[in-house]
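Chains as they are written, first to last, in the numbering used here: chain A, 2 to 206; chain B, 2 to 206.
There may be inaccurate statements among the hints.
As the list claims (entries may be wrong) - Distance ranges between label pairs, derived from CB positions:
hint : chain 1 : residue 1 : chain 2 : residue 2 : range
1    : B       : Gln137    : A       : Ser49     : 54 to 62 Å
2    : A       : Gln52     : B       : Ser50     : 40 to 48 Å
3    : B       : Gly8      : A       : His185    : 25 to 33 Å
4    : B       : Ala177    : A       : Ser89     : 23 to 31 Å
5    : A       : Ser130    : B       : Ser40     : 49 to 57 Å
Claimed, not checked - Restricting the straight-line Cα-Cα distance to at most 20 Å, the calculated cross-link-like pairs of lysine to aspartate or glutamate (EDC-like) are:
hint : chain 1 : residue 1 : chain 2 : residue 2
6    : B       : Lys51     : A       : Asp26
7    : A       : Lys41     : A       : Asp26
8    : B       : Lys32     : A       : Asp26
To be clear, the hints were calculated from the coordinates, so they are not data collected in a lab.
From a predicted model like this one, the values you see are computed outputs, not experimental measurements.
Just so it is clear, CB atoms sit at the ideal spot from N, CA and C, and this is done for glycine as well.
Number of protein chains: 2
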Amino acid sequence: MVRVSNGEKRILEAAENLFSRHGFDAVSIQKIATQAGVSKATIFHHFSSKQELYITILKQACLDIGTILQSLEKEPCTSVKPLRDFASAHLKNMFDQQDVSRLILREMTDGDIKQGQALAVEVFGEHFSRLIVLIQSGQQEGVLRKNMDAADAAAAIVGLNVFMFQSWSVLQHLPATSFTDPAHTGERWLRLLLLGITDKEETAA
Amino acid sequence: MVRVSNGEKRILEAAENLFSRHGFDAVSIQKIATQAGVSKATIFHHFSSKQELYITILKQACLDIGTILQSLEKEPCTSVKPLRDFASAHLKNMFDQQDVSRLILREMTDGDIKQGQALAVEVFGEHFSRLIVLIQSGQQEGVLRKNMDAADAAAAIVGLNVFMFQSWSVLQHLPATSFTDPAHTGERWLRLLLLGITDKEETAA
DNA sequence: TAAAATCCTGACCGATTGGTTGGTCAGGAG
DNA sequence: CTCCTGACCAACCAATCGGTCAGGATTTTA
Chain A
2 MVRVSNGEKR ILEAAENLFS RHGFDAVSIQ KIATQAGVSK ATIFHHFSSK QELYITILKQ
62 ACLDIGTILQ SLEKEPCTSV KPLRDFASAH LKNMFDQQDV SRLILREMTD GDIKQGQALA
122 VEVFGEHFSR LIVLIQSGQQ EGVLRKNMDA ADAAAAIVGL NVFMFQSWSV LQHLPATSFT
182 DPAHTGERWL RLLLLGITDK EETAA
Chain B
2 MVRVSNGEKR ILEAAENLFS RHGFDAVSIQ KIATQAGVSK ATIFHHFSSK QELYITILKQ
62 ACLDIGTILQ SLEKEPCTSV KPLRDFASAH LKNMFDQQDV SRLILREMTD GDIKQGQALA
122 VEVFGEHFSR LIVLIQSGQQ EGVLRKNMDA ADAAAAIVGL NVFMFQSWSV LQHLPATSFT
182 DPAHTGERWL RLLLLGITDK EETAA
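Could you put the whole structure together from the sequences, leaning on the hints where they help?
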């Protein structure tokens, strides 16, 4: 059993919260210390540098997401239901663990720290390959269109979820739209992706 | 004609570049001054504060995007082509003006500065309402499915583009995928969105 | 050409940054 | 009772932060 003192845990919690909301540079050690109810020196007692603290949190975040994604081992894809389940679970997970999700997404898009982007790629690759397998089995079963790249479909599903998560606060303030509940909106978007935007009869490109 | 001194222009260029890449807090006035080839005090001669400089850039960015979007005034949507054009133009514009795009997207998702998020919402709303109108006309013409929310479709189109733009560097490093060229990948994703993922009878591309 | 306005700078300010130092304190082992 | 260790902190450090100011250089205007 790894010993983790009370203070260290509080530091990690505060740092994860602040880093995820404001990013690496906008958060000072002093702010983390204050929010953790600890002196600044204590942080350097537990972590050798600000960057080490950040990477520690990033690794933990990747670990968390990894274990959660494991719970989505699914049966072969004889219908679109596993796809729906995956998408809604993925979306729910993002909103449930906002701090972790924001942290990883931030690292993905910003990527100042070299180690960080590599980690993010690793985590994202995990999502992707799992989802791609799911889609390919669906293609073999004849449920999903065969003349498309499974990777494209996977990217589209994950991409829409990510976009909704990132832009939710903005989407709400948009005029003339009906984006009220993330989960419900996500279902509608996925349905769009499944059925297509075009009207069924006229699908001439 | 508004007079803009040589120095001021260089400051704006440097600031836009740095802010878009690293965010507000991670960029110091000194770094902007150095990259602009100007002394730090000169920046405060032209701008009263760091925040004012940032907002100035943000406003300019919104203006740029606004004028570009105006060039997409399109004829009524009797086919799916205007939709393709909009999407590809939108994507191309993001990659052509990476700094501006990143700046606005960053402000959208981060949103530390109150004024910033409002501006981002305004710009994004511009995209959206234009696109929604386009889609609704397509629905009336019978080209697009009627039993869907035009706002959902618009969000999906823009969302996939945004996701691709933001995550392009990561997508490339993903294993077992064929994401080589943004424009080409974007076309494939849009096709997916138009036709749907699920298999249907008459869906030859 | 002199005055006025603008552009630009080096020197400087108090505050804050990430990080170090020396040391206190509680508790477990011998 | 001593010794050791890990947790913790106030005080401190050099560097950098955003920002100010007085004044030199250059251009505009009168």
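Taking the hints in turn, this is what the structure says about them:
no., hint, result
1, B:Gln137 with A:Ser49: 54 to 62 Å, "holds (58 Å)"
2, A:Gln52 with B:Ser50: 40 to 48 Å, "violated (29 Å)"
3, B:Gly8 with A:His185: 25 to 33 Å, "violated (52 Å)"
4, B:Ala177 with A:Ser89: 23 to 31 Å, "holds (25 Å)"
5, A:Ser130 with B:Ser40: 49 to 57 Å, "holds (52 Å)"
6, B:Lys51 with A:Asp26, "holds (16 Å)"
7, A:Lys41 with A:Asp26, "holds (17 Å)"
8, B:Lys32 with A:Asp26, "holds (14 Å)"
Hint compliance for this structure: hints 2 and 3 are broken, all remaining hints hold.
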